[in-house]
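Protein sequence lines, in the order shown, are assigned to chains R and F.
All residue numbers for the first sequence refer to this note's numbering, where the first residue is 1 and numbers rise by one.
All residue numbers for the second sequence refer to this note's numbering, where the first residue is 1 and numbers rise by one.
A hint or two may mislead.
Note that identical chains are pooled: a pair holds if it fits in a single copy or bridges any two copies.
[What the hints assert, rightly or not] Derived SDA-like pairs (lysine to any residue); straight-line CA-CA distance at most 25 Å:
{"no.": "1", "residue 1": "K80", "residue 2": "A194"}
{"no.": "2", "residue 1": "K112", "residue 2": "A134"}
{"no.": "3", "residue 1": "K112", "residue 2": "D90"}
{"no.": "4", "residue 1": "K112", "residue 2": "A49"}
{"no.": "5", "residue 1": "K52", "residue 2": "G136"}
{"no.": "6", "residue 1": "K41", "residue 2": "A109"}
{"no.": "7", "residue 1": "K80", "residue 2": "R60"}
{"no.": "8", "residue 1": "K52", "residue 2": "D228"}
{"no.": "9", "residue 1": "K112", "residue 2": "L32"}
{"no.": "10", "residue 1": "K112", "residue 2": "V148"}
{"no.": "11", "residue 1": "K112", "residue 2": "G159"}
{"no.": "12", "residue 1": "K41", "residue 2": "K80"}
{"no.": "13", "residue 1": "K52", "residue 2": "Q213"}
Bear in mind the hints are in silico, worked out from the structure with no lab data behind them.
There are 2 protein chains.
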Amino acid sequence: MVADDRISIHQVTLPPQCTTPQFVAALARHGLRCTSLWREKTREHGVAATAKLVADSGMRLSGYCFAGLVTSPEPGERAKALDDVRAALDEAAALGAPCLVFVAGGVDARDKDVRGARGRALDALGELVPHARAVGVKLALEPLHPMVCANRSVLSTVGLANDWCDALGADDAVGIAVDTYAVWWDPQLLESIARAGRRIISFHVSDWLADTQDLRLDRGMMGDGIIDLPALRHAVEEAGYDGYVEVEIFSQRNWWRREPDEVIATIKQRMRTSV
Amino acid sequence: MVADDRISIHQVTLPPQCTTPQFVAALARHGLRCTSLWREKTREHGVAATAKLVADSGMRLSGYCFAGLVTSPEPGERAKALDDVRAALDEAAALGAPCLVFVAGGVDARDKDVRGARGRALDALGELVPHARAVGVKLALEPLHPMVCANRSVLSTVGLANDWCDALGADDAVGIAVDTYAVWWDPQLLESIARAGRRIISFHVSDWLADTQDLRLDRGMMGDGIIDLPALRHAVEEAGYDGYVEVEIFSQRNWWRREPDEVIATIKQRMRTSV
Chain R
1 MVADDRISIH QVTLPPQCTT PQFVAALARH GLRCTSLWRE KTREHGVAAT AKLVADSGMR
61 LSGYCFAGLV TSPEPGERAK ALDDVRAALD EAAALGAPCL VFVAGGVDAR DKDVRGARGR
121 ALDALGELVP HARAVGVKLA LEPLHPMVCA NRSVLSTVGL ANDWCDALGA DDAVGIAVDT
181 YAVWWDPQLL ESIARAGRRI ISFHVSDWLA DTQDLRLDRG MMGDGIIDLP ALRHAVEEAG
241 YDGYVEVEIF SQRNWWRREP DEVIATIKQR MRTSV
Chain F
1 MVADDRISIH QVTLPPQCTT PQFVAALARH GLRCTSLWRE KTREHGVAAT AKLVADSGMR
61 LSGYCFAGLV TSPEPGERAK ALDDVRAALD EAAALGAPCL VFVAGGVDAR DKDVRGARGR
121 ALDALGELVP HARAVGVKLA LEPLHPMVCA NRSVLSTVGL ANDWCDALGA DDAVGIAVDT
181 YAVWWDPQLL ESIARAGRRI ISFHVSDWLA DTQDLRLDRG MMGDGIIDLP ALRHAVEEAG
241 YDGYVEVEIF SQRNWWRREP DEVIATIKQR MRTSV
């Protein structure tokens, strides 16, 4: 079971029509004190206004999500993408977030060699490290599920995230985000988590529904699917992680259609019984 | 480029309403001499009738697809599943297919530990080897995409298929089917293919569409997506594979809506330009 003071709820988990002030107020109403903010929503409300809202409410941030998409083989596009990540790092610093979730980017039809895209993502990270260090926000490399490898992220396993961390040699500025939904199926997951150790700076939970209907927006509430969440939580804790357990559920057909209060109450209950 | 005499077209690639006799006739009309038959369709037409049709038409089989789903933790269900695989091996032998595609089965909600499901699948394979050997049909272990790990197959990588082959020690009765659609994203793919070597007894092609809309039935025609198919074909050939290149496209929104002749003509053309 996860105690309330270790719960973080990612902003995307509540219905999209919920504004940032409404979202922060809903968390506070349920006695929760931590969140991870969604960049799109933050920009909608304004970075400075969101930073003030967070500070005034006494809310803590477990992360800021997301930036990246740096795999273009075209130099102009690549430079623009890197500038955007630097801007996101600045935003994360202004908000007081300890890390920025980094989503590598997909395969480019102009260069179908997925190893090429991986090489470009790693090169980009090397160029981004100095800025992350300067603003004091870590880049959290988040492996995404292989089903979004083509269009979202060529970083598909915790093992590969470890390889990238080894290559970068910048553990003060780069860490790993372990999202149970993205990595539960990996035959090498437990050894990769142990290898990651204290590089794990972010831990996300949701569940994989047996009848999943969408490649991105059909995540389940913890306990409603087939992921052995307690085992994965124990594995990251065994590796040294003692931070927040962040709930991140994109759910077009179910949770996004419910009232924020019902979603939050359900999360608090499931964190006790199913994580 | 793949010459016509190395092309095999899997029966599922043509529209579902196409009967087995119509399917075999369509291949023959285009000068193609090899196919992989779908078990459901074969039973619909009758195994003996299909065997006669195949023999009379001079068609060769690259495989028979599929059986498995042996991960239940309940002994009665498990025994029934194993008997069904033995029946499928018998059918494959009657048809003259060199191998039966083996799909492991998913995670069972009654035991969410995916390692448990993997252990049960491997145990089941050990029990099936004698029957495969007796009827002279190899079990082709096919890793499926991690997006169907929950409900179709806990065998998610070529690396894990290699581990299972090592554990079984039965290379005369068990091999590996490499399906480009299922494995292209794997950071360890090339080393796993090299390790598999002559264990690779089946090679499937289709393409991953950038805007994929379904977890199972939205595969693309070779050349329409982002998989580097020539590189993967070279990799399996480098490992020692010199068999058929089998086209397997489940495509509800596109190819299943077209005329069989158009689908086959397109495949022949794309095998020259995009594989």
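Handout entry: Hint check, failures only
Key = 1, 2, 3, 4, 6, 7, 8, 9, 13
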